[in-house]
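> Sequence:
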Amino acid sequence: MTDPSPVDHVPIGGEMIRLGQFLKFAGLLDSGGNVKEAILDGFVDVNGEVERQRGRQLHVGDVVSFDGRRVRVS
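In this text, residue positions in the sequence shown follow my numbering: the first is 3, and each later residue adds one.
Some clues are possibly wrong.
As the list claims (entries may be wrong) - No more than 20 Å apart at the CA atoms, straight line, and that leaves these computed lysine to aspartate or glutamate pairs for EDC-like:
hint, residue 1, residue 2
1, 38, 69
2, 26, 10
3, 38, 53
Quick caveat, the hints were computed from the structure, so don't treat them as lab data.
Let's have the full structure, built from the sequences with the hints guiding it.
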């Protein structure tokens, strides 16, 4: 079954961004502490799979999901 939630596009102005940075940049979370906690607790998905590494490199086209929102790196 596919996720019915819409996907927002967030341009990063480059080829790569780290997951922790992107969560703040995209407005999904507002602080580094919240980012760390959400990732470690398994609440963040990248391309449909739980990701537990803040330093994961995201590239254009990757989709990050958190708290019912989906955001594509563009």
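> Could you run down the list of hints and mark each one as holding or not?
These are the hints, each one checked on the structure:
no.: 1; hint: 38 - 69; in the structure: holds, 15 Å
no.: 2; hint: 26 - 10; in the structure: holds, 14 Å
no.: 3; hint: 38 - 53; in the structure: holds, 11 Å
Of the numbered hints stated above, none is contradicted by the structure.
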